[in-house]
Amino acid sequence: MIAYILGRIASLFISLIVASLVIFMVVEVAPGDPAAFMLGVNAKPDTVAALRAELGLDVPKAERYLNWVTGMVQGDFGTSYTYRSPISKMVAERLWVSLPLAIYALILSTLIAFPAGIYAASRRGRIGDLGVMAATQLGVAVPNFWFAMILVLIFAINLGWVSAGGFPGWDKGFWACMAALTLPAIALALPQAAILARVMRSSLLDMLDEDFIRTARAKGLTEGQALWRHALKNALIPVLTILGLQFSFLLAGSIIIEQVFYLPGLGRLVFQAITQRDLITVESVVMLLVFAVIVVNFLVDLTYAVVDPRLRARH
Amino acid sequence: MTLLTIDNLSVTIHGTPVLEGISLTLAKGEILALTGESGSGKSMTALALMCLLPRGAQATGRITLDGTDLLTQTEAQLCTLRGRAMGMIFQEPMTALNPVKTIGDQVAETILIHEQTSRPEALTRAAEMLTRVGLPYDRFPLSRYPHELSGGQRQRVGLAMAVALRPKLLIADEPTTALDVTTQAQIIDLLEGLVDDFGMGLLMITHDLAVVSQMADRIAVMQKGRVVETGPTAPLLANPEHPYTRMLFTAARHHVTLPEAPPPQPLLQVTNAVRDYRTGTGIFGRKGHTRAVDHVSFTLHRGERLGLVGESGCGKSTLTRAILGLEELQSGSITFDGAPVFTGHRANLAVRRRMQVVFQDPYGSFNPRHRVDRLITEPFHLLEASPTGALREKAIADALTAVGLQPSDAAKFIHEFSGGQRQRIAIARALIIKPDLIVFDEPVSALDVSVRAQVLDLLADLCRQMPLTYLFISHDLTVVRGVTDRVMVMQAGKIVEDGPTATLFANPQHPYTRALIAAAPVLPDLAESLTDA
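Protein chains in written order, with numbering that gives the first Met the number 0: chain E, 0 to 314; chain A, 0 to 532.
By construction, these hints were calculated from the structure, which means they are not laboratory data.
Hints are not guaranteed to be accurate.
Straight-line alpha carbon distances no greater than 20 Å define the calculated DMTMM-like cross-link-like pairs of lysine to aspartate or glutamate that follow [what the hints assert, rightly or not]:
#	chain 1	residue 1	chain 2	residue 2
1	A	Lys100	E	Asp307
2	A	Lys100	E	Glu209
3	A	Lys100	E	Asp208
4	E	Lys232	A	Asp104
Whenever a hint applies, use it, and build me the whole structure from the sequences.
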């Protein structure tokens, strides 16, 4: 088990180093001068030179890379050129919206998907299964911004339970924030839940055909007991994989939902930075997201080992 | 005293009959063997008894276990009977246990499901039962997971789960088929012991007539969903009445006669071959080595039929892979007709094209999307100039004819053939480039006895028609005995004994060879009347 964890940690650091190198090279080593790019084609040479000095572009590349990485390790992501403020501060503010939203959506998605998937698997081929499958098909097919607009129409405009958008800020109280995040979280969660429920169902059905389920039935377990006690834990590995991928997606990929609900999240930050050619911000936020994805994958790997004793032994 | 009565049991699946009018009885303490070839309905009968038939199956008739008619019970009632009144163990010990639960939990579950008892109490009883089946607590703690056990040990766990509540009826579906002979002998002993101790009735399902003859009190022979003959073991073996039973028994005792081998002239020379595998992880884990092949040396002569026997994990497969140039040796050498099998780190193509291989699994070793002509001409890519046009057609036709198929079969797909026919096609694929050496890796282990007999006959025929040299790898001593001139016995990576087949079987020298031969069940010889028939 220790060897397994150490191995995963080693792979975590290697991934981070490789990712940081790739991001650095794409942004800084790619043809063209970042400063010139950020200022546009009509910039005067002395303006470009000034920006180069400001961004620290006038030192050798290797040194710049080291500065960038050591800065990030210490929490210094550099300064945004367009906003003229520390990137770490902007990211932290956005993260306080995006991270709770992602976790909220993930919890909702799990709460919907697990029961739906387990129910469908236990009713294989029967009407309940078909119903869940039809619903999830719809959930996968319908885009989440459309869900979002329907939700706004019903709960914000017609019923007036919550506001249609915006974020009050955490200093306005926990429940006010949760209320503001509820509709976006539902809109994000539904399509994810549909996918997750389908994975849960098919993974469980695969397990229900395994020999050890027949063994369990021969011991006197009912179909339901065999499913809960023997199939479920074995079926979790693919589900965990999807959950990990979904979390990464929810953290950064919710830009459309952030737009619909007017939320100051990470997705919008990246979007704005890209449209304003703020390469330093893009570079740092992308690195941060990569970091999040790699850490989540690491946690998923650890959960695998908790679920499956064979993984603990093999490493 | 009759424990189980099956009366006119018929099963259909989606309207297709799979069992027709099965009637059997089993007494307390009796072992009834249900035998027959694959697809005869043996396993379906077992599942019908457990009322665990697949979806869409419909059973009619009557199954009475100790006075209870099983087919009229509700599912809830059946759940209280399964595991308590009747237990079952299955063929595949590798997949029959839940990989993520400890063996203690899995055995205790049988007790907890049926009895109002505490978990510690159930675990204590599980430990006792595991000790009874030969997994003592001090060496096999309850916290072990299935993957930490060998196949035989897992089968013991399966058995402990099935008999934890001392059911009256135990159904064993091919319980030893996936095991090595020495392990098989231990499991058979254990089953017999449990039947004696607990007074259970045992329904033993097996295709292996030698196992049947060794342990059964009575035999029931099944064919195409019907029981064609039933009777006490000894008389039935000596004097079977039904033609199918006779055919089955004759096929199981089938002997082939090989033509004389030509005078020795070395073809394949293996000298001090060593192959290690690294175990443990690279960076942080403990590093270790397993020596799969340990200083193996032997010579295979042109025209010789050499057997290689040993139990799973003894290094047979690794050695085979090395000979075929699929696996590089750490030290030692393998030469074929004087040329090395490996040049640098790659297989020597000039040598490689003179060897072919036939694998065990006739279902997995063909691409289902290709037609037979493409499948069997695959070795052509080894040649510098592969034949085309009429030459290619002739090569295909010759190869198919040689293995007893029609040239017209070339246009068919592999799913149109039975297991035995597929193995013929695999042999045709090996023959098509007229190799100097064919490696047979368990070629008949997956086949029914009657088909096995035909394939072995084919081998003998081919030996008469062409100068065939082969290395025949098998765990089955009976088969090796029939089709080889010389046998090597392999244990833990070493060749422990090597000698002419007849001598080695008559007078084994090494203790391991003796153990193997003693463990292998042997079918008693037939009555004269049948041999003549």
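Hint check results:
1. With a C-alpha separation of about 9 Å, the suggested pairing of Lys100 (chain A) with Asp307 (chain E) holds against the 20 Å cut-off.
2. Simply put, Lys100 (chain A) and Glu209 (chain E) have alpha-carbon atoms about 15 Å apart, close enough for the 20 Å limit, and the pair holds.
3. Pair hint Lys100 (chain A) plus Asp208 (chain E) holds up; C-alpha atoms about 18 Å apart against a cutoff of 20 Å.
4. Straight-line distance between C-alpha atoms of Lys232 (chain E) and Asp104 (chain A) comes to about 14 Å, which keeps the hinted pair within the 20 Å bound.
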